[in-house]
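J.: What follows is each chain in one-letter form.
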Amino acid sequence: MLPPFALEEPTSVHEALALRARYGETACLYAGGTELLLTMKEGLLRYERLINIKLIPELAGMALEDGALHIGAITTHRMLERSPVVQRHFPTVAEMAAHVANVRVREVGTLGGNLCFAEPHADPGTLLLVYDASVALAQQGGTHTLALEQFFVGPFEVALADDEILTAIRVPALPAHTAAVYLKYGLLERPSVGVAVAVTALPDQVQEVRIAVGCVGPTPRRLRDVEGLLSQKELPEVRATLDAAGALAGSAADAVTDLHGSAEYKAYLVGVLLRRAFERAYQQAIRGDVGDTARGRGTA
Amino acid sequence: MTDNRAHHGTATGQVLSIHVTVNGHAHDVLIEPYLTLIELIRDRLGLTGTKKSCDMQVCGACTVLLNGRPVSACTMLAFEARHASLLTIEGLAQGEALHPIQEAFIEHGGLQCGFCTPGMILAAKALLEENPAPTEEEVKHYMRGNLCRCTGYKRILESIMVAARRLAQTHNPGVLET
Amino acid sequence: MEPSASPLHTVGTSPQRLDAREKVTGRATFISDLRVPGMVYTKLWRSPLPHARLRAIDTTAAASAPGVLAVLTAADLADCDRYFGPAYKDQPILAIDRVRYAGEPVVAVVAHSEREAAEAVTLLEVDLEELPAVTTLDEALAPEAPLLHETLRPAGHFRDLANLRPIAGTNICHHFHHARGAIDQGFAEAEVIFEDMFTFPMVHHYSMEPHVAIAQVGNDQITVWASTQHPFPVRKELAEMFGLPLARVQVIVPYLGGAYGNKSYTKIEPLVVALARKVGCPVRLALTVEESFKTVRRAAARVRLKTGVKRDGTIVARQCTAHYQIGAYADVGPRVAQKAGYTAGGPYRIPHLHIDTYAVYSNTVNSVAFRGYGVPQLAWAYESQMDIMAERLGLDPLDMRLKNLLRRGEVFAPGDLPIDADLPGDLRRAAAAIGWGQPLPRGRGRGLACVIKAPLAPSVASALVRMHADGSVTLLAGTVEMGQGARTVLSQIVAEELALPLRWVRLAQPESGTSPYDQATSSSRSTTLVGLALQAAARDLRQQLLELAAEQLQTHIAHLTLRDGGVEGPSGRLSYAEIIAQHFGLPGGELIGRGGYRGERGAPLGGVAPFWEVSLAAAEVEVDEGTGQVQLHRYISIADVGKAIHPQQCEAQEEGGVMMGIGHTLFEEMIYQDGQLLNPGLLDYRIPTITDLPGDLRSILVENADGPGPHGSKGIGESGLMPTAPAIANAIAQAIRVRLTALPLTPERVWQAMRGAQAHRTA
Amino acid sequence: MRFETQVTVHVPRQSVWDFLWDVPRLTACVPGCEAVEEIEPHTRYQAVVRDKVGPFTLRVPLAVEVLEATAPARLRARAQGRDAAVQSLVKVESTLVLVETSAQTTALQVSADVTVLGKLGTLGHSVIVRRGEAIVAQFASALQAALGQEVT
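Protein chains in written order, with my numbering: chain S, 761 to 1060; chain P, 90 to 267; chain D, 420 to 1182; chain H, 22 to 173.
Worth flagging that the hints you see were computed from the coordinates, not collected in a lab. Not one of these hints is a red herring.
Simulated pairs of lysine-lysine, DSS-like, Cα-Cα distance not exceeding 25 Å:
1. H:LYS140 / H:LYS112
2. D:LYS822 / D:LYS729
3. S:LYS801 / S:LYS814
4. S:LYS801 / H:LYS73
5. H:LYS140 / S:LYS801
6. H:LYS112 / H:LYS73
All of these numbers come straight from a predicted model, not from anything done at the bench.
Chain S on its own, in the form it takes in the complex (with noise of 0.2 Å):
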């Protein structure tokens, strides 16, 4: 049972804009609601207004500009994951949306919604910061661009003001010779680990490697350190490290304690996945076949 509030809807983002400064606290944005509602139905939060941001045409569609995806912020998982354009040119993100929770709620949730929600248990924030993902900011003076990776500031905490919109997500292409990997891993409905690698490499020659680390921490986040601990090397070098860095990325993932397990085993896992997406990512890569698979729950 949802605790009554009205319900606004703009059909364009100057007018969503004017709402988000009327009526600034008291009001949300509402896209897919999944996260929302729930908490709503909880009692954990109360507003007076939704503002329901779907019937903003300039919010939908996707689209391949100049090589990156450009998202709008009301497509859904269930969109990504089915789009042959998507697909095609960055399967890796097709696979992991395929894997969101469940086929309903991937049929109505948002990308946009599901980071600005920022749950720190889900998946598509970690991968996109692979990607070097950012997101467009709408204010009423213009539209600013974010990394993600300066979006995400906590739990349930994005660099979003009361007066801005999220209207877009843009993924830019892996460099030539990348393959980006997804491995989820979780017992819990939500995921309990996430780890995203995209592997630059030539046989033998691991040329990048860019790391992120979700579920586990309050944020996604990029590990550089980890990183640069793997990249520019040959490949007997990296699987030396990779102990080493899997160790460093487990620590670095900044593991508590909960439901989904002890922050001990937790960072443990993060090596764990680290060591096996980091192998699929260079095979991949050296066969030239980018993007591949993010793997479902618990198929680590």
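With the hints as your guide, set chains P, D and H onto chain S.
T.: Chains P, D and H alone, transformed into the frame defined by chain S:
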């Protein structure tokens, strides 16, 4: 608490008039913006085939098809059904002629207590419209969000695989649609 | 019209479930779908604290909230007996003076809508004075532990609980002791002695439909539509609490959306009745899933086993000490400890046996009946220890079990039913089916387990078969259809006796005022024992038909047979309709057959087991040595069903049981912290999904027609989940040489154990 | 949930002890602590604490009770209250131990047993654990800062 009630005060008045097609029948209903789809279906329209269990989009008991897409009625706002075609379990059979998925569930023991069955069958319908010849792995992946505590799933999986084969045989699965 | 000559001899075939059509079309009515005219709604204020004194309750704001009809506390219900419970009458309708667990109902708000009731609940001000709480076994058993109950009032409901043994000054509400042979002598004879401890967590039934009840009170009469497996015990309890004759309490039970024990005996019914009495209109209480989590669970257990064996693997002695952590109120906790304790030796020949089990109160959610009734906790221990012993003795776990398994006809306990199954044969089938002994790749292993359970005994069931003027019949029996398929199977049994097509047979939903008495829809007893009562009723009716037909056809009964809905003899055939029409002189009236079952008294627990529910399993797993994750490749479940009345449903029951068992084996656990349940919902409490289905899940039905039920049937409702945990743990031990003694076997536990073993080896 | 931390301040133990009873200044160190009123000197106080995790705000009127005051070494207090809106109950039992590390320096050991009951759990256990850690740490460093001014 008083501050919360103040909240309501400002919000309660609004009523939305929506047009929705439910199981092929057109309805014009007045709803509050905060009414959930399951409240509309069960309490206002009296279609109690849609079941409520976990109330957090995990179990799938309240699965209904909105324009053919599976959604959790428990955590969806009723106004989202505006101008849409809604299919609940009551609308799946054509009178006394059951849908092949319903028949398969009966023949292969895909149900016991029956509480998860409406959602299970509707999710299976959405799956088979999207992927008429799924592998067992594809069925498992799609149906992961529909829980059953009685059957152990084996016969649900069988039922869906059999229904898929039967639907493939009937040249135009569309005829069974509402 | 004549009943069509559609195929008879339905027993042993798998006709479509009689409830299937309703259920796939959404027309089946569950209690949560019922609307009674004038019905109002209630929501409850529940204690956030695990143990506290109720200082004051301020209801003024809530009482004046929109739509509110009444705000009631225990004080408002003083005009009835406010306590209930099947073992002890220790549970108040609403908390009286004290709350004993986090989630205990304290105040009820009745309003015109659920929404108004829920809003008003948030306006209640309840002043609680926190008291020290015990939420673990250790805390509850500590010498100075705070006591949950100072005095106890036995309910006298169960014959086998005639002598409850609480231990004064402790939280132990029942101590069950059972011994055979002389334990000291046994251990003296033993060559090797094993001592191990195993733990089993609190787990939740998660029936898809949470508890719900609607009560209507008036004209000196109570009507309750209740989600209960036990309409008759509930009727008795309500009659006692509200001072009415049994005849004035009507408990009606439509379909249940799953139960598995969580809807056994009395739960929320007294509350809705009490509220309906106050507000004067029908009251509905539908629990949310979170509330069901705060209403029922399985008893957690800590089991200590000391087992003495000969080097050749012969078991000579066992001492079992098991503590069941029950909740704040006893419910059936004491009986769970006792009935399960009675079988703590397992299906094995153990000359010297010494068993002590205890039911221990704690400030947690009530532990109630749950499929397996305390046996899975003990089987987890004794079947795990069996493999520990085999490994240490250098024996094959299969051989060691075969050596000790009781044979058919052997005494289980003096005065009780001798073993009525071929256990070694069943175990060999399980082993063969899983390819026992064949080589496996690294990281894989196989495990076995066999379990025995004693059903409810002695029990009582009665039944009526009404044949209408056209020859069709209505069956009246107290069995609740909760998914197990009773309506179909019981109808098959009668259709068989009366040579009627299944379509002509209908089992009415249980209504305590009109359905004949049945003690319980539980303990895997319905097909067997209610089946016997209905079979007897059908035979009574059959006899009446034969006698009338003999008279009407002027021949002797011996020359008559029932076929295709009629009676045939040398001189001709009469349909049942014709027989009835001739008898009454008009196409009306009806014939009524009566039947009953009464269990045999005696045996150590007061009733002789009508049959032994035995269950065997074989599992093959693969362990991911990186993550500790366990993957189930194959699972074989063997159920001794005696005779499968409906083979498809017997196999389905098994499969469902196995998956439920996989849940408590691999991930299910209710987690308490600071006296509060942290995971009362599906985001953090994980039950099996279709992706957890083992690569190959097979159930094998053993049919030796050696059961007491119709056509030699036996009950198997609980069989599937009883051996799951030890079978899987034994497979894990074979796969990675690591032994786990605490459930669930989460990847983290497996990983920790692997690390521990590694450290141990390297050290 | 138990949280612990320790800070050292360059202030004699007695002055630290005195500071602890300077209610306005002490409560200024408690993150999110709004109004505080003294019900009974050195024994009972009423405070309101506000906390925020993303969009989730908690506003709890707390009844504070001093359980033990052993000058100048040890102070134990219990605070309890409930946020009706969020249907959650918060209990904090905190202990401050003052150890004289030198005539001029004192080690402050801060520990808190925090219990959060009710709906808030839905946010996820980890979120609450992190907030608890953060709050205790902030409190300790605020104390350090405030006492730092003392010496200058």
